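Enquirer: Sequence:
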Amino acid sequence: MEYKELHRWDVSPKEAVEIQKSLRDQVKIQKLSSTVRYIAGADMSFERFSNIVYAGFVVIDIKTLEIVASSTIVTEAKFPYISGLFSFREVPPLLEAWKKLEVEPDVVVLDGQGIAHPRRFGLASHIGLLIEKPTIGCAKTLLVGKFHDLPIYTDSTVPLMDRGEQVGLALRTKNKVKPVYISVGHLIDLDDALKVIKSTIGGYRIPMPTREAHLLVNKARVEAGALIDTKGDYKE
DNA sequence: GCGACAG
DNA sequence: ATCTTGTCGC
10 MEYKELHRWD
20 VSPKEAVEIQ
30 KSLRDQVKIQ
40 KLSSTVRYIA
50 GADMSFERFS
60 NIVYAGFVVI
70 DIKTLEIVAS
80 STIVTEAKFP
90 YISGLFSFRE
100 VPPLLEAWKK
110 LEVEPDVVVL
120 DGQGIAHPRR
130 FGLASHIGLL
140 IEKPTIGCAK
150 TLLVGKFHDL
160 PIYTDSTVPL
170 MDRGEQVGLA
180 LRTKNKVKPV
190 YISVGHLIDL
200 DDALKVIKST
210 IGGYRIPMPT
220 REAHLLVNKA
230 RVEAGALIDT
240 KGDYKE
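Going letter by letter, the first sequence gives residues 10 to 245 in the working numbering.
Derived by calculation from the structure, the hints in this document are not laboratory data. Hints are not guaranteed to be accurate.
[What the hints assert, rightly or not] Using C-beta positions, here's what the derived DEER-type ranges look like: (1) 87 x 30: 20 to 28 Å; (2) 108 x 162: 38 to 46 Å; (3) 162 x 23: 42 to 50 Å; (4) 14 x 55: 18 to 26 Å; (5) 233 x 43: 30 to 38 Å; (6) 87 x 232: 18 to 26 Å; (7) 11 x 55: 22 to 30 Å; (8) 24 x 187: 28 to 36 Å; (9) 85 x 111: 19 to 27 Å; (10) 108 x 231: 20 to 28 Å; (11) 231 x 200: 33 to 41 Å.
[Said to hold, decoys possible] Straight-line Cα separation of at most 25 Å, BS3-like style, residue types lysine-lysine; simulated pairs: (12) 155 x 30; (13) 149 x 207; (14) 40 x 30; (15) 149 x 37; (16) 207 x 155; (17) 108 x 37.
In this text, all values refer to a predicted model and were calculated from it rather than measured experimentally. Every residue, glycine too, gets a C-beta built ideally from N, C-alpha and C.
Can you make the complete structure from the sequences, with help from the hints?
Expert: In structure tokens:
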């Protein structure tokens with residue numbers, strides 16, 4: 010798949026914040042324009058004491074929840090992990106994997122926030138602008154916002170509020186299990202984002218796109234590690 | 001100044 | 001994120 014180059018990546022944290030501010034007004038919140046058949050999930054897996062990272066995508070059929078395509082790459086993360094600047098660490102490796110993906114998804118789910126972000130420009134919004142596809146942020150923990158009285162039963166939702174506005178929602182994907190947090194990334198609205206995510210819940214807390222992407226990149230890392238002995242030499 | 005802080 | 005075994009609860 011293709012993507013845009015909107016700015017440099019070798020920037021300081023201060024410059025990164027300015028880039029976020031300059032791009033956030035380009036985020037479009039709207040109804041999904043086409044019917045959804047293929048949903049992509051993305052994730053990254055890190056090596057313990059290095060910046061080597063495995064990034065990958067899976068594409069899932071919304072009807073069967075089966076994987077129809079995937080891509081994986083290995084590269085080096087060049088930006089540190091800084092809360093609020095997460096996308097500057099994750100997006101470059103993800104774009105490399107995106108480049109190798111052969112099946113075009115109708116919507117992409119990211120492991121992190123969309124507009125539920127201090128500057129309303131989280132990972133899902135950032136990569137959405139670059140790949141020009143509808144994106145959804147589906148995070149395991151909160152970055153900003155508060156919510157109240159979320160029922161303990163599957164499919165319950167409650168608004169996620171930050172500074173007086175709704176930035177997403179908390180969704181209970183499984184009985185009596187911690188919720189996930191859904192927010193709009195780009196080219197979608199919250200109702201459609203929720204519908205898409207609900208259609209991909211496979212009985213686990215983490216919806217299938219993200220879950221399968223996580224399993225994929227984790228497996229890639231472990232298998233690569235098994236090929237290297239303790240001296241760092243490659244095995245036969 | 002204190003507390004919070006996506007993966 | 002990653003390191004890790006068993007264990008408590010549905």
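Enquirer: So, for every hint listed, does it hold in this structure?
Expert: The hints, checked one at a time:
1. 87 x 30: 20 to 28 Å: 22 Å, holds
2. 108 x 162: 38 to 46 Å: Holds, at about 41 Å.
3. 162 x 23: 42 to 50 Å: 45 Å, holds
4. 14 x 55: 18 to 26 Å: With Cβ atoms ~25 Å apart, the hint holds.
5. 233 x 43: 30 to 38 Å: With a Cβ separation near 37 Å, residue 233 and residue 43 satisfy 30 to 38 Å, so the hint holds.
6. 87 x 232: 18 to 26 Å: Distance hint for residue 87, residue 232 holds at roughly 24 Å.
7. 11 x 55: 22 to 30 Å: Cβ of residue 11 to Cβ of residue 55: about 27 Å, so the range 22 to 30 Å holds.
8. 24 x 187: 28 to 36 Å: 35 Å, holds
9. 85 x 111: 19 to 27 Å: 24 Å, holds
10. 108 x 231: 20 to 28 Å: 24 Å, holds
11. 231 x 200: 33 to 41 Å: 38 Å, holds
12. 155 x 30: This hinted pair holds, its Cα atoms lying about 23 Å apart.
13. 149 x 207: Since the Cα atoms of residue 149 and residue 207 sit roughly 15 Å apart, the hinted pair holds (cutoff 25 Å).
14. 40 x 30: Holds, at about 24 Å.
15. 149 x 37: Measuring from Cα to Cα gives roughly 24 Å; hence the hint holds.
16. 207 x 155: Holds. Residue 207 to residue 155 sits at ~21 Å (cutoff 25 Å).
17. 108 x 37: Cα-Cα ~23 Å, so holds.
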